[in-house]
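Visitor: With chain W's structure known, arrange chain Z with the ligands on it following the hints.
So the protein sequences, as listed, match chains W and Z. Heads up, the numbering used here is the position in the first sequence plus 5, with the first residue counted as 1. Heads up, the numbering used here is the position in the second sequence plus 342, with the first residue counted as 1.
It cannot be assumed that every hint is accurate.
Stated by the list, open to error - Footprint (simulated), chain Z over chain W, 3 or more residues, beta carbon under 8 Å:
1. 66-78
2. 101-112
As the list claims (entries may be wrong) - Derived coverage of chain Z by chain W (criterion: at least 3 residues anywhere in the stretch with Cβ under 8 Å from a Cβ of chain W; other residues may be distant):
3. 501-511
4. 515-526
Since the hints were derived computationally from the structure, they do not count as laboratory data. These figures come from a predicted structure and were not determined experimentally. Glycine included, every Cβ here is placed at the ideal spot set by N, Cα and C.
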Amino acid sequence: MKSLELVNIRKEYGDAVAVDDMNMTIRKGELVSLLGPSGCGKTTTLRMVAGFVAPSAGSVLIDGRDVTHRPPYERNTALVFQSYALFPHMSVAQNVAFGLEMRRMPRAEREAKSLEALRRVRLDHLAERYPRQLSGGQQQRVALARGLVLNPDVFLLDEPLSNLDAKLRAEVRSEIRGLQQALELTTLMVTHDQEEALTMSDGLVLMAGGRVRQSGSAQDLYERPADAFVADFVGRSNVLEGRVEGGSFRMKDGTALPGTAVPTARYYTLRPEKIALTSPDQGVPGTLREVLYLGAQTEYTVLLGTTPVTVIRATPGPDDTLARLRPGDPVGLRWNSADARLLDS
Amino acid sequence: MRLTSLIYRGTIVIAYTVMLLPVLLLVVTSFFRDAIIAFPPTGLSLEWYRNALTRDEFLSGFLVSVKVAAIATAIGVPTGTAAAMALVRSRLRFKAAITTFLLGPIIVPGIVAGIALYLSYLAVQNRLDMDIVGTLPGLIAAHVLLTIPWTVRVVISGLQGLDRSVEEAALNLGARPRAVFLRVTLPMMRPAIVAAAMFSFIQSFENLELTLLLVGPGMSTLPIAMMNYLEFQVDPTLAAVATLQIAVIAAMMLITDRYVKLSRIV
Ligand SMILES: Nc1ncnc2c1ncn2[C@@H]1O[C@H](COP(=O)(O)OP(=O)(O)O)[C@@H](O)[C@H]1O
Ligand SMILES: [Mg+2]
Numbered sequence: 006m007k008s009l010e011l012v013n014i015r016k017e018y019g020d021a022v023a024v025d026d027m028n029m030t031i032r033k034g035e036l037v038s039l040l041g042p043s044g045c046g047k048t049t050t051l052r053m054v055a056g057f058v059a060p061s062a063g064s065v066l067i068d069g070r071d072v073t074h075r076p077p078y079e080r081n082t083a084l085v086f087q088s089y090a091l092f093p094h095m096s097v098a099q100n101v102a103f104g105l106e107m108r109r110m111p112r113a114e115r116e117a118k119s120l121e122a123l124r125r126v127r128l129d130h131l132a133e134r135y136p137r138q139l140s141g142g143q144q145q146r147v148a149l150a151r152g153l154v155l156n157p158d159v160f161l162l163d164e165p166l167s168n169l170d171a172k173l174r175a176e177v178r179s180e181i182r183g184l185q186q187a188l189e190l191t192t193l194m195v196t197h198d199q200e201e202a203l204t205m206s207d208g209l210v211l212m213a214g215g216r217v218r219q220s221g222s223a224q225d226l227y228e229r230p231a232d233a234f235v236a237d238f239v240g241r242s243n244v245l246e247g248r249v250e251g252g253s254f255r256m257k258d259g260t261a262l263p264g265t266a267v268p269t270a271r272y273y274t275l276r277p278e279k280i281a282l283t284s285p286d287q288g289v290p291g292t293l294r295e296v297l298y299l300g301a302q303t304e305y306t307v308l309l310g311t312t313p314v315t316v317i318r319a320t321p322g323p324d325d326t327l328a329r330l331r332p333g334d335p336v337g338l339r340w341n342s343a344d345a346r347l348l349d350s
Numbered sequence: 343m344r345l346t347s348l349i350y351r352g353t354i355v356i357a358y359t360v361m362l363l364p365v366l367l368l369v370v371t372s373f374f375r376d377a378i379i380a381f382p383p384t385g386l387s388l389e390w391y392r393n394a395l396t397r398d399e400f401l402s403g404f405l406v407s408v409k410v411a412a413i414a415t416a417i418g419v420p421t422g423t424a425a426a427m428a429l430v431r432s433r434l435r436f437k438a439a440i441t442t443f444l445l446g447p448i449i450v451p452g453i454v455a456g457i458a459l460y461l462s463y464l465a466v467q468n469r470l471d472m473d474i475v476g477t478l479p480g481l482i483a484a485h486v487l488l489t490i491p492w493t494v495r496v497v498i499s500g501l502q503g504l505d506r507s508v509e510e511a512a513l514n515l516g517a518r519p520r521a522v523f524l525r526v527t528l529p530m531m532r533p534a535i536v537a538a539a540m541f542s543f544i545q546s547f548e549n550l551e552l553t554l555l556l557v558g559p560g561m562s563t564l565p566i567a568m569m570n571y572l573e574f575q576v577d578p579t580l581a582a583v584a585t586l587q588i589a590v591i592a593a594m595m596l597i598t599d600r601y602v603k604l605s606r607i608v
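Same shape as in the complex, but just chain W (with noise of 0.2 Å):
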């Protein structure tokens, strides 16, 4: 069943287009998010759904209804601010129960509500404290009771992990896909940080310049990037530019690459783990040029002709003979042909 859909929806500034033409789909109990760099139409997109923007053009539909020209206070969604947008002279209980207040919900059901919902966020102690008195942490899990005490149908989020710590993030990334999949909350979510879309989401929408890139599961745009900028975006890639040519690909440079799947290709990319490094007699011949030891894992660029690829295996044991590859040395690249993708844009 489809909670939220977006319909051909677009969005112009004046002569500028901040989204156009999008179309999206989630499913009840779903977490999608909308994925891409900052100033591609992310928040202009959630904001439609919301309502505080207009549309220039097409529909906004939750629950199979029509709710494009419909107010923000008749729309039934919750959107948590990347700012948290907390009352700041209402109590934490207070800012938990605004909703259901204008709802009519009688005094005493409501207040159970939002300490249920407090509880739920694990808050429930601090539920006399103000805003002000609260860690930034402590604010976000109110933004979320506040929202989801509502039972909206859909949950909106803009950035919700922007204004944490490194530390905080991955327990709250953790702790939020958590409450959305207990609660069966669709949700959309916006991020410009792929990690984020790619461990909590059910679905992506990755957007660029007020467009639709790719839509899918994280699998699909991993491994299946449509265009050299979803595999650049998602996760890291080596784009090597180039055109297929006498039973191969080959780059600016002239070296050749094996793979001719897709005759009208310009794009060859490559996942850096998927490479291996061998001997210079097995494989494509390059040039070792540096070497970045990140722990668990090791960096290796590479250069093909002059084109710098980045390779990324396990750290090697000392008895390994890649741990005695200094750069300069020639090596060897290798990988399973399927692996690589050769994209026509």
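Guide: Just chain Z with the ligands now, with coordinates in the frame of chain W:
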């Protein structure tokens, strides 16, 4: 480095001394026994306070001042707040021009505004054949010209610091615009409005220049009563009145400061 910091501190100390020393002297002399101020005094007394509190002109002046300031504040603060909201929030044209116009009375020297008002009151009075100069409504109308600009100024700065997403959060949680205004916007503006009310009240309460030509018989404000007294007497009664006045204003500021940090507004 050290020298500039020294000059900076020195300047502050001198400026405060110049401003506060006369006030301090005023307070001290209000307790001197001598009718003609002399150093050192022959003794201390509360005689002048007794005189200040029992003379009719000061008591009635005080009451008129409070009445005028309270009514002018009650009119100016809601009006000025509404104007400030429109200026910050709406898509009004000529915003800058309107703002300057509304703040105008703060910029125009009081005595100039006072004369201008006096002359226009006279003109209107002649046309309509009714009294305006020397009446309470005439005086209050003039003081609203003080309370509106002060309110506009303080509330605009308060509104500019207000996070719009908090109001959007309320809309998102199901509050209609009216409820958003009453439950979120207004409470968040409360510090600015309280400060605006206090400033307005004080500005009106202590105003002399604008008031000078507009008072009538039995309608003197406290500052006017003090000035009139000064024409005939030079004993420290005035110092006592002024000390009381300073105490009242300081108390108001301290009470307001409990609700809003004044340093954040001016
Ligand atoms: N209110 C607005 N007026 C004009 N342009 C806007 C407005 N809001 C957003 N934009 C523009 O639309 C584009 C998308 O913005 P936004 O949705 O905030 O991007 P993101 O959230 O992906 O960083 C940007 O180029 C931004 O400058
Ligand atoms: Mg954004």
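Visitor: Against this structure, judge whether each hint is valid.
Guide: Hints, verified against the model:
1. 66-78: With 3 residues in contact (Cβ-Cβ under 8 Å with chain Z), the coverage given for the segment 66-78 of chain W holds.
2. 101-112: With 4 residues in contact (Cβ-Cβ under 8 Å with chain Z), the coverage given for the segment 101-112 of chain W holds.
3. 501-511: Check passed, 5 qualifying residues.
4. 515-526: holds (count 7)
Figure legend: structure checked against the earlier numbered hints; every hint is met.
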